[in-house]
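**Q** Using the numbering used here, read the sequence shown as starting at 1 and increasing by one per residue.
Simulated from the structure, these hints should not be mistaken for laboratory data. Nothing false has been slipped in among the hints.
With a Cα cut of at most 35 Å, we get these calculated DSBU-like pairs of lysine-lysine:
| id | residue 1 | residue 2 |
| --- | --- | --- |
| 1 | K99 | K283 |
| 2 | K217 | K178 |
| 3 | K99 | K28 |
| 4 | K217 | K99 |
| 5 | K283 | K217 |
| 6 | K28 | K178 |
| 7 | K178 | K99 |
| 8 | K178 | K283 |
With beta-carbon atoms standing in for the labels, derived distance ranges:
| id | residue 1 | residue 2 | range |
| --- | --- | --- | --- |
| 9 | D75 | G137 | 16 to 26 Å |
| 10 | Q45 | W191 | 20 to 30 Å |
| 11 | A128 | A245 | 38 to 48 Å |
From the three backbone atoms N, C-alpha and C, an ideal C-beta is built for every residue, glycine too.
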Amino acid sequence: MRRVGLLVALVLSVTVAARGVSWPAGWKDPPVSSGRNLSPVEREQARQLGDAVDSAETARQAIQAWEQYAAAQPDDADAWVEIGILRLLEGAAFRSGAKERLACYQAALQACERAMATNPGFLRRVLAGQTTAEAAGALGAREMAAMHFWSTGIFYISRDCLGLFGRILNFRLLEGAKAMLVRMDEVNPAWEDHVSTFSWGIYYLAMPESRGGDRAKARERFDRAVTLGERRLLPRWGRARYFYAAVGEPAAARADLEAVVARDLDGLGGHRVWNRYFQADAKRLLAP
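Could you put together the complete structure from these sequences and hints?
**A** This is how it looks when you write it as structure tokens:
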């Protein structure tokens, strides 16, 4: 009976947490401009709403403001990236269920793909049949943020929405993220204080060992990201949150989290709204 129970649990875990993950590509059916004229003030208002996000409600308000802007200016790649950034934050910070988070992360991926599709070379490749990852070779400096947050969305799906078997089944998602990181390093490995170094740490930690995962490489990348990213909270927060938690080093994790909490947000690199989230999450993890 025990073996039967274990078999049933295994089957359920495969069917629920290990389904193939896919989404309608963001570059399909490109939006047509609404024709509404926008003033620089409206863009600044959307930016301010994004900077002030501190709840699910304010996240939705900021996302809607940027969506209205992007509807009027569909060729504005930065507007689509802002939508992607906020949808990722909405899922990571303000949603708890795997289904809700997955919807947020998939919407973020679509927004980043829409930003990429403003590059004519990328759009030609995907329309010819290449995947987003395969077409990454056409992307350049203008699309660095879209590439970064696209790969981040893949990592969040792997972490928050898939169980062990789901990660194994969907390993090609992580291979797509790897292709994007390779392209980022070809274009500019020092972009945003070498943030791709941190992403490589996430990749080596998330990928199953049978597919190239390597905790020794993950440690080296996380440590290097902390050294290169002293102006940022992401490397220390992420090293504590993901790597030290995975390898069972609570004292090291606590030291990183305390360092994150102690920083003054003024003058830090990265998005202020994300930095606030990193500090709030670090405080939560440190709480007794």
